[in-house]
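> Generate the whole structure from the sequences, applying the supplied hints.
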Amino acid sequence: MPRVEGYRTGRLENIIGKHMSELNFGLEERILNSKDELAQREALLTSRGLMVPEGEELVLGLFVGEQLVATGALVRNVLQGIAVDIDYEGEGISAAIVSSLIRRAVDRGITQVFLYTISEDISRFESLGFRKVAAVPRGAALLEWGTAGIESYLASIRALAKDKPDHAGAVVINCNPFTLGHRYLIEYASSHVPWLYVLVVEEDRSLFPFKVRYKLVQEGVADLRNVTVMKGGPYIISSATFPTYFIRPDVNKASWKAVRMHASLDVSIFRTHIAPALKVTDRFVGTEPYCPTTSIYNDIMKIILQAKETEAFGLDAKTPPVALHEIPRFELWGTPVSASKVRDMIREGNLSEVQKFVPGTTWDWLKSEEAAPVIERIRQSDSRH
Amino acid sequence: MRVLKSVTAGSLESSDVLVTITPVSEDHIEYDIESIVIKQYGKRIRQITEEMAESAGITGARIHVQDRGALECTLRARLETAIERSIVC
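Top to bottom, those sequences are chains X and R.
Position one of the first sequence corresponds to residue 468 (my numbering), numbered consecutively onward.
Position one of the second sequence corresponds to residue 91 (my numbering), numbered consecutively onward.
Treat the hints as calculated values from the structure; they're not laboratory data.
This list has only true hints and no planted wrong ones.
Going by beta-carbon spacing under 8 angstroms, a handful of chain X positions derived as facing chain R:
{"#": "1", "residue": "559"}
{"#": "2", "residue": "565"}
{"#": "3", "residue": "570"}
{"#": "4", "residue": "573"}
{"#": "5", "residue": "578"}
{"#": "6", "residue": "595"}
{"#": "7", "residue": "596"}
The beta-carbon is built from N, C-alpha and C at its ideal position, and this holds for glycine as well.
The following block contains the structure:
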């Protein structure tokens, strides 16, 4: 199949006009599996300055003959790694690949789809019905597709904060599971602000299921009168805003670049959208002694939440800064108390030791029948989460 | 007839329309119409969508129409396909 020569910019219609037969018979959609196809696809991504996404479940390709001209992947509810060969560029082909990925997502029951792209390409996807959630100038952008978007989410949290005081604080935690360290952080934060929102990461990809994590936080802080425990929702450390949070990054540099990019978007969504909706002016976080991903996240929060120069981060000039308070980890006998330490103890079968590091509410649950399958899973896993 | 599952028909390509139907817990039908020619044809697109949903007798659905400049016959074909898919188990 001959290549369409001399075509650089313009619309698909132009190509179709000139090379109707080639494209009509040649544009074939395939799921990419073979080593060879995936290598072609990596070359295409690289040629467009993109990284190969991690944790992807479905990789699609559009072919003209044996040549891969466009690709895109579905990673849970996120479209990633979308690229069109520069010789075939035109909104027609990206629309074809995006439509097909959306169809496959909807077939899997996913009705809200996110997409990562570079800021320069935002308008191209806006014309396909995507809406911008956050963007870093000359960097990455997160867009969404579907009827329920960030606006309806913000309306729901605004309603929750309606009768609560201004200048509130926020803590975002996974609590996998809830330990005395979390309790210490929340207690400290709640004593420094008139009201505190505890947002529990909702993505169900941790060893302790969300329902259990949420319940243990609620029980663990029930005595604190100025605290609201709430679901983190789809815009805080979720598979959309921070997909690399849930996988163990490779040691290579590219993965860390992705972690930084996702962390930056996640934090700017918090500052521009979530903090104003909850009237939050302060965010509290524990220092991170063990996990490099969380430690990068903390560093980026320090910069983006507090930045006065809003423009460099693509933030609306009107968004007020959010003060970040990094609280030293609660320690017992010289050991920082963290959920990952507690999971290690469970893995080693050291349950009696666990009791010293978690509040009574968490301990009671760990002894319950419901906990048995979770404990079993922890013993057999080496997951970071 | 209740809508049973999330489906799409059509595409976001130029001159096509992407129809997405999702089940909702309420009994009514919610419409969400987007079009690149919303000013000229928005009303007509909504009218056709409502008409076809009603005559098919579906309930408990959100119908999301993203029009990229489709002809009326294309819109009708996409709606018919999506409705049919959404009620088949």
